[in-house]
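Asks: Taking the hints into account, I'd like the entire structure generated from these sequences.
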Amino acid sequence: GENVEQHPSTLSVQEGDSAVIKCTYSDSASNYFPWYKQELGKRPQLIIDIRSNVGEKKDQRIAVTLNKTAKHFSLHITETQPEDSAVYFCAAPYRGGTSYGKLTFGQGTILTVHP
Amino acid sequence: NAGVMQNPRHLVRRRGQEARLRCSPMKGHSHVYWYRQLPEEGLKFMVYLQKENIIDESGMPKERFSAEFPKEGPSILRIQQVVRGDSAAYFCASSPDKINIQYFGAGTRLSVL
Numbered sequence: 001g002e003n004v005e006q007h008p009s010t011l012s013v014q015e016g017d018s019a020v021i022k023c024t025y026s027d028s029a030s031n032y033f034p035w036y037k038q039e040l041g042k043r044p045q046l047i048i049d050i051r052s053n054v055g056e057k058k059d060q061r062i063a064v065t066l067n068k069t070a071k072h073f074s075l076h077i078t079e080t081q082p083e084d085s086a087v088y089f090c091a092a093p094y095r096g097g098t099s100y101g102k103l104t105f106g107q108g109t110i111l112t113v114h115p
Numbered sequence: 001n002a003g004v005m006q007n008p009r010h011l012v013r014r015r016g017q018e019a020r021l022r023c024s025p026m027k028g029h030s031h032v033y034w035y036r037q038l039p040e041e042g043l044k045f046m047v048y049l050q051k052e053n054i055i056d057e058s059g060m061p062k063e064r065f066s067a068e069f070p071k072e073g074p075s076i077l078r079i080q081q082v083v084r085g086d087s088a089a090y091f092c093a094s095s096p097d098k099i100n101i102q103y104f105g106a107g108t109r110l111s112v113l
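Top line first, the protein sequences correspond to chains Y and V. FYI, the numbering used here numbers position 81 of the first sequence as 81, with every residue one higher than the one before it. FYI, the numbering used here numbers position 60 of the second sequence as 60, with every residue one higher than the one before it.
Honestly, the hints are just simulated from the structure, not real lab data. Remember, predicted model here, so these are calculated numbers, not experimental data. Built from N, CA and C at the ideal position, the CB exists for glycine as well.
One-sided and incomplete, this derived list gives chain V residues near chain Y with beta-carbon spacing under 8 Å:
id: 1; residue: Phe45
id: 2; residue: Tyr48
id: 3; residue: Ser95
id: 4; residue: Ile101
id: 5; residue: Phe104
id: 6; residue: Ala106
id: 7; residue: Gly107
Replies: If you want it as structure tokens, here you go:
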């Protein structure tokens, strides 16, 4: 199955700085990579995703880059704000067998943005 | 368009009782996924269902756990004879097809006393 490794486990930045979270995956057939943000006690919310036919995608202060050769993808948050503080999860789908869509999640990164 | 609806939001059970968790996918979504999240841990896949079919239950314990997604009504995750180790948040996600975009419900937080 798919194995997803996420680093770092915790990240502390000052407001206005950039934050980068990295993930690696094992299944070379994976072609879809979402990022979720989860605030304490809340549901995971999709914030950005990327498909394997592009190398980068940007949405305002958030961007995701993908390196299929190296099998890693990264989340970039610029001009961080205190409300960006949350746990961020990367994920990749396992494409094996008949299970087309189940997601394997990384371990999560606790991002803290200090005012 | 209402999002993924889960109920109850909180469920307290004593050891040995049964827990039934419900999930109504977003309108037009026929793919449902259940994940379990232990405190301060990530999301672990449990089961993937389409209407009336279990597609993949490789993440679900073989005993005490079952899931269904009937033709009419919500998807149900059922845990029989609950134990303290079942205490967790259970999230349901749905997607419209196999394009993988999954939207999550608010979760059911199960506490076993």
